[in-house]
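Let the sequences and hints guide you as you build the complete structure.
Protein chains in written order, with my numbering: chain A, 1 to 404; chain B, 1 to 404; chain C, 1 to 404; chain D, 1 to 404.
Read the hints as simulated data drawn from the structure, not as lab findings. Where hints are given, some of them may not hold.
Copies of the same chain are indistinguishable here, so a pair counts whether it falls within one copy or spans any two.
[Claimed, not checked] Here are the simulated DSSO-like cross-link-like pairs (lysine-lysine), alpha carbons at most 27 Å apart as the crow flies:
| no. | residue 1 | residue 2 |
| --- | --- | --- |
| 1 | K293 | K401 |
| 2 | K40 | K54 |
| 3 | K40 | K213 |
| 4 | K8 | K328 |
| 5 | K40 | K180 |
| 6 | K120 | K157 |
| 7 | K142 | K293 |
| 8 | K142 | K180 |
| 9 | K402 | K15 |
| 10 | K402 | K142 |
4 protein chains.
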Amino acid sequence: MDFEYDAKTVEMIGKLEAFMDEVVYPAEPLAHEQMQAAIKEDSWSPPAVLEDLKAEAKKRGLWNFFLPGDDGAGLTNLQYAPLAEITGRSIQLAPAAVNCAAPDTGNMEVLHMFGTPDQKKKWLEPLLAGEIRSAFAMTEPKVASSDATNIETSIVKDGDDYVINGHKWWITGAMNPNAKIFIVMGKTDTSAERHRQQSMILVERDTPGFDIKRGMHVFGYNDRDHGGHAEIEFHDVRVPASNLIGAEGEGFAIAQARLGPGRIHHCMRSLGIAERAVEMMCQRASERVAFGKPIADQGVVRDWIAESRVKIEQLRLLVLKTAWLMDKAGNRGAHTEIQAIKIATPETVGWILDKAIQVHGAGGLSQDFPLAEWFAGMRTLRFADGPDEVHKNSLARAELKKHR
Amino acid sequence: MDFEYDAKTVEMIGKLEAFMDEVVYPAEPLAHEQMQAAIKEDSWSPPAVLEDLKAEAKKRGLWNFFLPGDDGAGLTNLQYAPLAEITGRSIQLAPAAVNCAAPDTGNMEVLHMFGTPDQKKKWLEPLLAGEIRSAFAMTEPKVASSDATNIETSIVKDGDDYVINGHKWWITGAMNPNAKIFIVMGKTDTSAERHRQQSMILVERDTPGFDIKRGMHVFGYNDRDHGGHAEIEFHDVRVPASNLIGAEGEGFAIAQARLGPGRIHHCMRSLGIAERAVEMMCQRASERVAFGKPIADQGVVRDWIAESRVKIEQLRLLVLKTAWLMDKAGNRGAHTEIQAIKIATPETVGWILDKAIQVHGAGGLSQDFPLAEWFAGMRTLRFADGPDEVHKNSLARAELKKHR
Amino acid sequence: MDFEYDAKTVEMIGKLEAFMDEVVYPAEPLAHEQMQAAIKEDSWSPPAVLEDLKAEAKKRGLWNFFLPGDDGAGLTNLQYAPLAEITGRSIQLAPAAVNCAAPDTGNMEVLHMFGTPDQKKKWLEPLLAGEIRSAFAMTEPKVASSDATNIETSIVKDGDDYVINGHKWWITGAMNPNAKIFIVMGKTDTSAERHRQQSMILVERDTPGFDIKRGMHVFGYNDRDHGGHAEIEFHDVRVPASNLIGAEGEGFAIAQARLGPGRIHHCMRSLGIAERAVEMMCQRASERVAFGKPIADQGVVRDWIAESRVKIEQLRLLVLKTAWLMDKAGNRGAHTEIQAIKIATPETVGWILDKAIQVHGAGGLSQDFPLAEWFAGMRTLRFADGPDEVHKNSLARAELKKHR
Amino acid sequence: MDFEYDAKTVEMIGKLEAFMDEVVYPAEPLAHEQMQAAIKEDSWSPPAVLEDLKAEAKKRGLWNFFLPGDDGAGLTNLQYAPLAEITGRSIQLAPAAVNCAAPDTGNMEVLHMFGTPDQKKKWLEPLLAGEIRSAFAMTEPKVASSDATNIETSIVKDGDDYVINGHKWWITGAMNPNAKIFIVMGKTDTSAERHRQQSMILVERDTPGFDIKRGMHVFGYNDRDHGGHAEIEFHDVRVPASNLIGAEGEGFAIAQARLGPGRIHHCMRSLGIAERAVEMMCQRASERVAFGKPIADQGVVRDWIAESRVKIEQLRLLVLKTAWLMDKAGNRGAHTEIQAIKIATPETVGWILDKAIQVHGAGGLSQDFPLAEWFAGMRTLRFADGPDEVHKNSLARAELKKHR
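So, in structure tokens, the structure goes:
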């Protein structure tokens, strides 16, 4: 047992921190300004400055960390974890700057693992190059999406095509006009066994019948900087049969394969948010004076700071161990640990953000600090990829089995 | 001791509930639509339908409940409490519909108690008639406003005028172009005793040098339906000396007088939010099916519903007792109780809203349900009129004194 | 609505507080000493000083508050509530001193409502006179007693007798040799409808086959001062048929009638414990110095004190309202409220005791202060008369029904 | 970074688990019986069966794990951690069985590091052999012991002797008649610099003037199995000057050196308690039926089980990392981490025990299960070696410094 990062990780951390200090943090004010303008203009493109960051990141060799093997940066999950955390510190910019932003990472993984050579050439390559963005269309408004077997979208074979009808929402990234390709989950055979009814299929943005209705709000945010969350209707959307990913009936299995890494990536980045929130809380508490002394001298504020540190240290270690286990035993072998961090992260980081907001006074809720927006994002993680309650139930069932 | 409402209250509850059922709830979808349009147009006026509601409310004699005595509806605080709770159930519309919305209620109280006949004629009368709106400018960006003695805005006598310079933010309602009159808190004498330095003065919206910079966001919301929260700069704003409220040095005392009722009104209305959230939680849980049974059959969801009921019942009684005590012993006599409900309400109602959101799935965070917006509003109450920590500290000091 | 106690209540409070100040509190050290000696001698009698207190209480007319009507003190539940709270402040002595201790109060109520004239003469009269004690034998070790239909003890008619076989535990008060009479719940007809199988029967302590095995511990305590909690076996225990309370099959209904008041009495007394814990916490915090200042100046300690006050005020009002509702609408009409206080009280008071202990340092856990013993007692309330989870589930079901 | 135990650790875990399965768990019922008898006889010796366990442990080479280097088992802190956890699963027996019980471990460390050859021969050797026990006398009743500079016991040089006067309590293990040697902390020079006033000195049990007054209770427990917690008075206790440990004025520094390992050992063992509680909770929930289904099928119980697992996994990793850091950077280098686990452990494990108790019904509070006794022990950890509040304050100060 050893708690020290390996040499490769230490080297990459150094490079990434330099990039953050020299390039990303300095760009934050401009990006914030561009996004405030985007709100006024109702534009859904990411901040223009992002392209500069991407160019610089590529130049520095900070790109596609998330993808193991030769097509990516050649890192293990364990090596990627601290890097993802660092990008989380500037969550609106850094993950996209190094081409490691959700939902594209998961989509690239799916194409990498299950795509045909043609599919890879057409969509994986420009995604890996950071030229286009993508989305993943699974959640539906009319059913409890915590239970994936509820899905109602139909994918029907018709000659050499598939025809898609359905209604999706919370399709993250889809409002961004540069999100060119969508992975859509639907049912090809409602008479098959429960977990063999679903298939995944690729749909291009400009396909007739593909109708983006609106962006969903999260609290009052549109999440424009990462392409919002779209409500989409599919009216007889026709795509070539070659757009199917894998075979018919493999949709559920592919979704499961996709979710493991997606969940841990969220957790890794969230640690970065938590660390930055603690930093901000400490700085504000030291500067701000009330009733004759800095807020940092108040016992209750110190209690929050200490609890934050204690919580973060525990959470990070479990995220790292999970990454290590995924490297060693595969996503399935780390199933329980992935659930555990999925449950623990939003609660822990949300708690810290709430305290950081309180230390900032009303300003902490406003556009002058990123804390409230981070809180909103963290709150969504209690639903994303399944609500806490579903994961807890499943984790408890496994625990109960161990002791029977 | 008797826990039954008196006949007058029962009668008013009946009338108000009829108004809610027949007029307010049916208007909610249209108001929501108008506000979504206002976001697009960047308009800061309240939804147009509100004027219809106000006319109807006046016709039904449902008006100015908050103001005791002949100028208002002649109700005690205890009689007003359940009415305020009912208006809280449609918080974006109902309080304004019956002319009982913050911050106007507090401003009208100030003018009613401390205004000169001229001030009353010019500003109180149109406020009581619901013709104009108002704002209260106290909080400043550069200092911890939890400590009112920190205020830096200056009010300097110059001949027959006062000249005001300063910087305020979180001035609720001020973005509404119909907010015609502002009560501004500043210092007239920085050499006086700590609590005698402050004065309050009336400033009209169109006074030269009165510069509204922007609306503050709360979790991404602008709170347009109640006029937003403005950042305002005062550059040599000159008003007649007759605009002073009370005498020089009385600002702190007037502020204190204003805060008691303001705080309890927030708590009363918040109970209505909590009740409606429980209703929505129960309905959604009954309708939504996951893994083969309604969510309402899940033990964890039932735990939330039961806890919500247990918490609300306790909180409401403390709010009612506080109202009763204010009627009996005055605002000062109910000081501890006002602090207690100020501390308990946002935590309790925020907790309930969080659970109601979770039962609604991701939709609960979106513009399709009011829950997230209510959560945001409730979160601000942990700062409004002083952060929790200040009230707890003060309440504990009083408790410690009792046992020495 | 009125939050003031009536004249009768105010008068009784005055008398009872005088009794506490003049008689009970001064007797506490001696009682503690006698109980520490009882531990050494393994004696199960209450402290000898209790008889003096009872004599004095009777003389002062402070007796049988709990029993409405002419046979008791003629008080309503609402009038009794603040008196019960006051006795809770010295929970080991005061309730028994005024003959209002559990489980006798519930047993006297049962005999009062359902007893035959003979049963009343033989057992109710000496109980009302404070000459003997009693116990209530329902809980069984082999089944989840939260579900009363699980009960396995059999009560079989045999000629003019009933013969009882079964196994009970947690029979509070039963170790006290002066607990002369037991109300035993068992099944007379296992083929009847689920809630008509149970009956209640009176068993005298010295009946052959009635075998007290041992006293159950609660966090290491024996609870000797209120007669411990016995494990009892019934081996062919034969009693006259006239010992049956009510008719066969009425046991469940009688148990329900008994539980309502029993639950609220526990809650009332628990408020007294909470108030005394806050007093002790404040006093200790003011006296004890660490790192150069009184603990009372630490922000975290103030937070605990403030939260304690805020919680108690809310809880007390709900207990009082419940008492009022029982007076007005009967125990069944106050069913939801009784559940609510049953859920809220142990959690709230347990929280306060935990903080009071923390302020006292390790001493707070020891025999030098009553806090840890009170905590243990409060913890049992999360099981007594049904665990929290059962009540929450039932309360949620009722709430869900309201909104369908 | 690597989360796998090394080969030595895996081997030792195997041996220790075999010892637990074959020897310790089977001895638990007898030990429990012996301790229940000890309560009746007011005996303070550990259960007789312990000596058999010790003999067997020695034979198996499972001895003195805690002591690094050749005098102990030659393990690192990181290697010891999982072993300590395993002993924690049978906390009343196993740590003492392998001679790794508090407070002896800390005392042996002190003698090992700071003892003279004579002191080592006389007291360290029999301690390492498990022939005698020891105690550590620091806490005093009259002052807040969270602040070590408060200590009032005096150690005065008089010729070739030191004379000790003072009053201690909570001296763990001291009631055991086999606790032959005491390390006593007092002040040799009240005029010296704050942290140079204290010294440590060795006092034998049978020294005149050494007066053991009583055993302190924890809740209702005496903690007889590990020698209770004594209140002790020192009246002119005279010991040879050669009994001083280190030099005059080094007491505070030695105490600090002693506390680091002591704290982490408590945390390691507590993990074992937590694991066993989860096991018991799962087993009970699976066996017990209420309202027609096993308690394990209740959503709320599953929530507790899942949360327990999530909490334990995080806590264990932080304990392991702290052990690793102590090996690598020394106790001082792991200062923050030691504080973090000291804060997190009692809260986390106490929470789990509370839930395990609730699943067990009232039996969970009784002598029939060890859960309530474990809860009591865990509650003391929030005071032992300094209350949570002191550690949080210190940890927050360090965090604040990082961000200034």
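**OP:** Could you tell me which of the numbered hints above are not met by this structure, giving the numbers in increasing order?
**Re:** The structure breaks none of the hints.
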